[in-house]
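There are 2 protein chains.
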Amino acid sequence: MKEKRTLMLPGPTPIPKQARLAGAEEIIGHREPECEDLLKEVVDGLKYVFQTTNDVLVLTCSGTGGLEASIANTLSAGDKVLSLCTGAFGERYATIAERYGVDVERINFEWGKAVDVNKVRERLEEDKNNEIKAILMTHNETSTGVVNDPQPIGELADEHDVLLLADAVSSLAGVELKVDEWGVDVAVTSSQKALMSPPGVCLVSVSSKALDAGQEADLPSFYWSFQRAKERYDRNFQTPSTPAIAILYSLRESLRQMKEEGLQEVFNRHQIVTKAIRKAAEAIGLELLVDDEIASTTVTAIQVPDEVEYSTLRQNMKEKYNVYITGSKGELKGKVFRIGHLGNVSRSDILSTISALEMVLKQEGFELKLGVGLEAAQKVFYEEESR
Amino acid sequence: MKEKRTLMLPGPTPIPKQARLAGAEEIIGHREPECEDLLKEVVDGLKYVFQTTNDVLVLTCSGTGGLEASIANTLSAGDKVLSLCTGAFGERYATIAERYGVDVERINFEWGKAVDVNKVRERLEEDKNNEIKAILMTHNETSTGVVNDPQPIGELADEHDVLLLADAVSSLAGVELKVDEWGVDVAVTSSQKALMSPPGVCLVSVSSKALDAGQEADLPSFYWSFQRAKERYDRNFQTPSTPAIAILYSLRESLRQMKEEGLQEVFNRHQIVTKAIRKAAEAIGLELLVDDEIASTTVTAIQVPDEVEYSTLRQNMKEKYNVYITGSKGELKGKVFRIGHLGNVSRSDILSTISALEMVLKQEGFELKLGVGLEAAQKVFYEEESR
Chain A
1 MKEKRTLMLP GPTPIPKQAR LAGAEEIIGH REPECEDLLK EVVDGLKYVF
51 QTTNDVLVLT CSGTGGLEAS IANTLSAGDK VLSLCTGAFG ERYATIAERY
101 GVDVERINFE WGKAVDVNKV RERLEEDKNN EIKAILMTHN ETSTGVVNDP
151 QPIGELADEH DVLLLADAVS SLAGVELKVD EWGVDVAVTS SQKALMSPPG
201 VCLVSVSSKA LDAGQEADLP SFYWSFQRAK ERYDRNFQTP STPAIAILYS
251 LRESLRQMKE EGLQEVFNRH QIVTKAIRKA AEAIGLELLV DDEIASTTVT
301 AIQVPDEVEY STLRQNMKEK YNVYITGSKG ELKGKVFRIG HLGNVSRSDI
351 LSTISALEMV LKQEGFELKL GVGLEAAQKV FYEEESR
Chain B
1 MKEKRTLMLP GPTPIPKQAR LAGAEEIIGH REPECEDLLK EVVDGLKYVF
51 QTTNDVLVLT CSGTGGLEAS IANTLSAGDK VLSLCTGAFG ERYATIAERY
101 GVDVERINFE WGKAVDVNKV RERLEEDKNN EIKAILMTHN ETSTGVVNDP
151 QPIGELADEH DVLLLADAVS SLAGVELKVD EWGVDVAVTS SQKALMSPPG
201 VCLVSVSSKA LDAGQEADLP SFYWSFQRAK ERYDRNFQTP STPAIAILYS
251 LRESLRQMKE EGLQEVFNRH QIVTKAIRKA AEAIGLELLV DDEIASTTVT
301 AIQVPDEVEY STLRQNMKEK YNVYITGSKG ELKGKVFRIG HLGNVSRSDI
351 LSTISALEMV LKQEGFELKL GVGLEAAQKV FYEEESR
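Chains A and B, in that order, are what the protein sequence lines are. Sequential numbering of the first sequence, starting at 1, is according to the UniProt record's numbering. Sequential numbering of the second sequence, starting at 1, is according to the UniProt record's numbering.
Next up, chain A with everything else stripped away, as it sits in the complex (with noise of 0.2 Å):
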């Protein structure tokens, strides 16, 4: 017998049996009421998860395409923003805008620290003749696992009078994101993150600022248009396309599985379920790439010991134990492993995880004793409990 699959990815993650089943209902017509019953809904829990009032947005695209988005709708060709780097997905940010002829400025810092807020403070009381349009950042930066506080970053925004533009592509429903209270123009997550659903959809929260700004601005979109979104939604709460009808059903029963948990739960578990797995790496005697304080609930990178390969542990972990896991990127590339651990993630595939990296650290070589690991783990759970 095979084992199960564990997929401990930043993405795709699994997703729960009912909103998989949900999603081979019968396909209905987008332009039908019953079409308009299933988006209002969709957008409902999308409102509770992002903490907003503002529009939220139904791309049927990956969350790529809804930071692309994010920039075509807001921006004109030469003007300067600000981009947070602590990573790949924040570089990738970058270099999309740059497409645009956009004028970027990036903020480097170190990958596996966060965004040092003084910097862009700084940065910002330079520009007296308020060059810069917008910042854009990445709230979790998924090829580190860091995550960068949005607050702050929303104060400055605010009081500088830029826009704040926010990847939350691996953050949303499992690190908290107050669109309102912080301030952020526009936040770009996407269905197969911690929403638990398949891929295919980008879910994008436009504030009023952001709207406004778009009215002025002169980079080309149609199909993404922001304008024609809310468009639409105003006049009979439709896409201007067709929506991926059946990633909404999945979307849907999530997004109830979600309400009916409780948003605080739910970050609650994803704490819960970090702090297994850091305290995990640890016993084991991993080095953690990434501080406590910083420190993602949906991803969590460490470092390769050097007696083993990446590409050994990687792909052992997968074929003798079906446990996903996945590297890292640019600089980090073979230096560190990461785990997913967003949305539909359980104790025992937490367990089921350490299990396979103990068996296969120890056949590689790296002196362990089998079991500390998941004896730390299953300690956090059985505390958390306890409370």
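Source of the hints: derived by calculation from the structure; they are not laboratory data. Among the clues, some could well be false.
As the list makes no split between identical chains, a pair holds if one copy fits it or if it spans any two.
[Unchecked claim] BS3-like, lysine-lysine: derived pairs with alpha carbons at most 25 Å apart:
{"id": "1", "residue 1": "LYS230", "residue 2": "LYS333"}
{"id": "2", "residue 1": "LYS230", "residue 2": "LYS329"}
{"id": "3", "residue 1": "LYS318", "residue 2": "LYS40"}
{"id": "4", "residue 1": "LYS329", "residue 2": "LYS275"}
{"id": "5", "residue 1": "LYS40", "residue 2": "LYS178"}
{"id": "6", "residue 1": "LYS362", "residue 2": "LYS379"}
{"id": "7", "residue 1": "LYS279", "residue 2": "LYS333"}
Got chain A sorted already, so can you dock chain B onto it with the hints?
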């Protein structure tokens, strides 16, 4: 008991049960070999349907996104293109190009008629300095139910060394399209039409001529860059961003079914169904918008008779018989109704539709002998089977 839903829209279309269930499979990692196998089988199946050896790119977006990608990847701002407009979707293709700053020259044809190739030839012959870079055409104009023949346009494009970009969204797999033989440089279709899958994926065949043109083109595009997609195919048969895996599961199953049925048989089935609907409409005493020679085999537009309001017809067919038809756009709004008959549409769907149509027409005061349409359709089925 409520009647079963009969979805007779020109998309989204009903999905075979096995394809719907396939979409409920567990999600896999998009950088895993099993996802490469999935993508490869889908692309091979698509090459069979597109009748091409070109790369067929799989983009996560709706058909409109694919049309936008075809512009953004092959043209530069200010480039001159000819847009052959025979209805609302030809108009939309032109609008997208304009949004990107392309210099669009429309050749408009009466709605309900096909492209007059002589007009295109004349215009290209006038273009002594080869200013025209591309021709945009709609293979199957969904708003009117007209098929425009790409073959003579492809010959002209070849002769004058311009690109031929074709909207094949509502045609591919329902109307024959010989991409290679007819010289179509970019052909765009989407998953929720004759490919019998959920909406959310766009399929684009791209010739080497189009890829070459892309090297010089300067319009911005990152998410759906053909070049990035092509590089990723060549490297390891993946997509640059996470693809819509669940939709690809469904699409793989639908393509398997089409391969088993045989492409010519698929077209043949569409022709029979079309003939049945057209004969039924005539027998009922209704007027078809489009002549036989240019009639689409995926959607049929029928004049709304004077005795009936379009909205009443549509609403009653839906509410009383659970049969979904639709209207048209622009100048045809309220004047014609359209029946989609592409993909997974069976003879029993056609009979249910004709029966509902007859009943509602009669209830609304249109004079007809009940059953005349059914009889005409059945006769088509009977004769085809007796061949």
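Hints and how they fare:
1. LYS230 <-> LYS333: between (41 Å within a copy, 23 Å between copies)
2. LYS230 <-> LYS329: Close across copies (21 Å), not inside one copy (36 Å); limit 25 Å.
3. LYS318 <-> LYS40: between (40 Å within a copy, 22 Å between copies)
4. LYS329 <-> LYS275: within (24 Å within a copy, 56 Å between copies)
5. LYS40 <-> LYS178: within (21 Å within a copy, 41 Å between copies)
6. LYS362 <-> LYS379: within (22 Å within a copy, 74 Å between copies)
7. LYS279 <-> LYS333: Within one copy, since 24 Å is at most 25 Å while 64 Å is not.
Going down the numbered hints, you'll see the structure goes against none, and every one checks out.
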